[in-house]
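Undergrad: Produce the complete structure using the sequences and hints provided.
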Amino acid sequence: MVNIEDLKSEARRVLKGGKVKYIIGYERASETWKANPVFLKNPEDADKLVWDPTCFHNLVRFVVDEKRRKAKEKQPDTRPVGIVAKGCDSRAIIVLLQEKFIERMDVYIIGVSCESTGVIDERKLAKKTAGKTVQKVEFGEKQNYIVTTEDGTMDIPAAEIMADRCLECIANIPVVSDHLLGDKTKRAVARPFQSVEKLESLSQEDKWKFWTDQMKKCIRCYACRSACPMCYCDECVVDTINFAVTADTTAEEKAQRIKWLEKSPIDSENIFYHLVRAIHLAGRCIDCGECERACPVNIPLRMLNKKMEKEAKELFGYDVGFDADQPALISCFRDGDPEDFIR
Amino acid sequence: MTEEFEPRIIAFLCKWCSSAGSDLAGVSRMEYPPNVTPIQVMCSGSVSPLYIFSAFSRGADGVLVSGCHPGDCHYIKGNFYARRKLAMVKKLLEHVGLDPERFQMSWVSAAEGQKYTQIIKDFVNELKPLGPQMKLRRNP
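Residue numbers (my numbering), protein chains in the order written: chain A, 1266 to 1608; chain B, 256 to 395.
Honestly, the hints are just simulated from the structure, not real lab data. Every value quoted in this text rests on a predicted model; they were computed, and no experiment measured them. Some clues are possibly wrong.
[What the hints assert, rightly or not] Calculated pairs, DSSO-like style, for lysine-lysine (alpha carbon to alpha carbon, straight line, at most 27 Å):
1) A:K1306 / A:K1332
2) B:K346 / A:K1474
3) A:K1286 / A:K1339
4) A:K1313 / A:K1281
5) A:K1482 / B:K390
6) A:K1313 / A:K1286
7) A:K1575 / A:K1389
8) B:K270 / A:K1575
9) B:K390 / A:K1575
10) A:K1524 / B:K346
11) A:K1472 / B:K390
12) A:K1575 / A:K1481
13) A:K1474 / B:K383
14) A:K1472 / B:K346
15) B:K383 / A:K1365
16) B:K346 / A:K1481
17) B:K390 / A:K1528
18) B:K346 / A:K1463
19) A:K1337 / A:K1286
20) B:K390 / A:K1463
21) A:K1575 / A:K1472
22) A:K1393 / A:K1286
23) A:K1482 / B:K346
24) A:K1578 / B:K346
25) A:K1575 / B:K332
26) A:K1575 / A:K1365
27) A:K1474 / B:K390
28) B:K390 / A:K1481
29) B:K270 / A:K1524
30) B:K383 / A:K1472
31) A:K1524 / B:K390
32) A:K1578 / B:K332
33) A:K1528 / B:K346
[What the hints assert, rightly or not] These stretches of chain A come out as covered by chain B in the derived footprint (C-beta under 8 Å, 3 or more residues):
34) 1535–1548
35) 1570–1582
We put the beta carbon where it would ideally sit given N, CA and C, even for glycine.
TA: Printed below as a string of structure tokens:
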């Protein structure tokens, strides 16, 4: 069990020493049961930190934002940023390191172990509590959660309300960290791709029907893109203005720029966008499930990314987000890569 | 009388091998179906997945990416990258329900005009029973 006092004292220690610029962690937002991301600048704020099953956000996104902010500053503060990272978050950091987007000394990682459980899924919990107001969710002793509602406490087995990604998690302890809290026993998952397998067993027509039904819902709010720690491209294919317009750019040049897909939420364009996003995240997505959680219309986006992760594993033996020195999936090759599909 | 469906294939051919191979097929007067629209690219490794999605979105019934044989790439390793990248694209397209036959890859060298015509013939024959590709096609 992660001792919350240890977490607080570690945060206090690094903030006091001026070792980090600030710490990104989780706090209990006023009057809600959920954790919220918080930026701590002063040692005395460390008491705000919490660690419970509602800490589902992937805070690495803020590290990406920090890099952007730093690039704009004239005299940037080069101290590292402290971050409270779960297993999945630490894998996101590994991928960013692998791509040389950030340096190792840019982050001070306080790793927290999810141990034998993980974080909860809000939607599943809402179903379970059947409309009762939740006040608190805590880790139980053995693979369960203690949920406090207005009517008293409920003891719910973890598997029932745990987020889908946590059921298939292969990194319950952070892969990289400067200070690791909690139990360090690795949890074995029997079938890390079970959710995709169900979809794979469908026929091509059923798959297509499933995806068109889902993509119809997409309103192209790009919440998936905004929440994703890996979606850090300066120019995204969906943005209409993705080339530099200067005073010298002629009308003809503007007219002839390549417009790959329309911005309007039409079915065909929605699936195009999600395909592009999936292929761009192939071998990079670490399955933190933020896209799916952020999606206001509940599109199972994880199913696309998880499939890519599965293929990377099966075709190329590539594990995403475990080794920062390994080259990225599609920037390397082996002589023996499968080519049975090539004539 | 109903007209037989003629599939439309977009072929991304690498400049150094496959494109020369298709040229050879042409100058040797080998016959092959006229359903293919070749697009010359500098290397199969330069084919972005976006090109493939875009071709399907604009109404292609099939997409072919063809490059040099492994080890023969003009840019030493471009086709090795292509092989990895496009394997993922193929899996992704299958995953969303597109017929797997619609996206093909081949290695055609500059001397293999015969092989090129055979690939196109086979491809067209495979696409004919599938009918027009309407799944990824842009809605009007």
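Undergrad: Take the hints in turn and mark each one as holding or not.
TA: These are the hints, each one checked on the structure:
For the given pair, K1306 of chain A sits about 17 Å from K1332 of chain A by alpha-carbon distance, which is consistent with the 27 Å threshold. Taking the CA atoms of K346 of chain B and K1474 of chain A, the gap is about 17 Å. The hint holds against a cut of 27 Å. Restraint check for K1286 of chain A and K1339 of chain A: satisfied, since their Cα atoms lie roughly 16 Å apart, inside the 27 Å limit. Simply put, K1313 of chain A and K1281 of chain A have alpha-carbon atoms about 15 Å apart, close enough for the 27 Å limit, and the pair holds.
The hinted pair formed by K1482 of chain A and K390 of chain B meets the criterion: a straight-line CA distance of about 17 Å does not exceed 27 Å. Restraint check for K1313 of chain A and K1286 of chain A: the C-alpha separation of about 17 Å stays at or below 27 Å, so the hint holds. Distance hint between K1575 of chain A and K1389 of chain A is fulfilled; the C-alpha atoms sit about 25 Å from each other, no more than 27 Å. Distance check on the hinted pair: K270 of chain B and K1575 of chain A sit about 33 Å apart at the alpha-carbon level, beyond 27 Å; violated.
For the proposed pair K390 of chain B and K1575 of chain A, the alpha carbon gap of about 24 Å is at most 27 Å, so the pair holds. Using a Cα cut-off of 27 Å, the hinted pair K1524 of chain A and K346 of chain B holds, with the two alpha carbons roughly 25 Å apart. With a C-alpha separation of about 11 Å, the suggested pairing of K1472 of chain A with K390 of chain B holds against the 27 Å cut-off. For the hint linking K1575 of chain A to K1481 of chain A, the alpha-carbon distance of about 25 Å falls within 27 Å, and the restraint holds.
Between K1474 of chain A and K383 of chain B the alpha-carbon distance is near 22 Å, which keeps this suggested pair within the 27 Å criterion. Straight-line distance between C-alpha atoms of K1472 of chain A and K346 of chain B comes to about 13 Å, which keeps the hinted pair within the 27 Å bound. Pair hint K383 of chain B plus K1365 of chain A does not hold up; C-alpha atoms about 47 Å apart against a cutoff of 27 Å. For the given pair, K346 of chain B sits about 22 Å from K1481 of chain A by alpha-carbon distance, which is consistent with the 27 Å threshold.
Restraint check: the Cα-Cα separation between K390 of chain B and K1528 of chain A comes to about 19 Å, which is no more than 27 Å; the hinted pair holds. For the suggested pair K346 of chain B and K1463 of chain A, the alpha carbons sit about 16 Å apart, so the restraint of at most 27 Å is met. Restraint check: the Cα-Cα separation between K1337 of chain A and K1286 of chain A comes to about 16 Å, which is no more than 27 Å; the hinted pair holds. Between K390 of chain B and K1463 of chain A, the direct Cα distance comes to roughly 22 Å. Compliance with the 27 Å bound is thereby established for this hinted pair.
Our distance criterion of 27 Å between C-alpha atoms is met by K1575 of chain A and K1472 of chain A, whose separation comes to about 17 Å. Distance restraint check for K1393 of chain A and K1286 of chain A: the Cα-Cα separation of roughly 40 Å exceeds the 27 Å cut-off, and the hinted pair is therefore not satisfied. For a cut-off of 27 Å, the pair hint linking K1482 of chain A to K346 of chain B stands: about 24 Å separates their Cα positions. Among the hinted pairs, K1578 of chain A with K346 of chain B is consistent with the structure: their alpha-carbon atoms are about 13 Å apart, no more than 27 Å.
A threshold of 27 Å between alpha carbons decides the hint, and for K1575 of chain A with K332 of chain B the separation of about 25 Å falls inside it, so the pair holds. Taking the CA atoms of K1575 of chain A and K1365 of chain A, the gap is about 24 Å. The hint holds against a cut of 27 Å. Restraint check for K1474 of chain A and K390 of chain B: satisfied, since their Cα atoms lie roughly 10 Å apart, inside the 27 Å limit. As the CA atoms of K390 of chain B and K1481 of chain A are separated by approximately 13 Å, the hinted pair is consistent with the 27 Å bound.
Between K270 of chain B and K1524 of chain A the alpha-carbon distance is near 25 Å, which keeps this suggested pair within the 27 Å criterion. The straight-line distance between the Cα atoms of K383 of chain B and K1472 of chain A is roughly 22 Å, inside the 27 Å bound, and the hint therefore holds. For the given pair, K1524 of chain A sits about 20 Å from K390 of chain B by alpha-carbon distance, which is consistent with the 27 Å threshold. Between K1578 of chain A and K332 of chain B the CA atoms are separated by roughly 22 Å; this keeps the pair inside 27 Å, and the hint holds.
Between the alpha carbons of K1528 of chain A and K346 of chain B the distance comes to roughly 26 Å, so the proposed pair stays at or under 27 Å and holds. Against chain B, the region 1535–1548 of chain A contributes 8 residues with a C-beta closer than 8 Å to a partner C-beta. That satisfies the three-residue criterion, and the hint holds. Counting residues of the region 1570–1582 of chain A whose beta-carbon sits less than 8 Å from any beta-carbon of chain B gives 6, enough to reach three: the coverage restraint holds.
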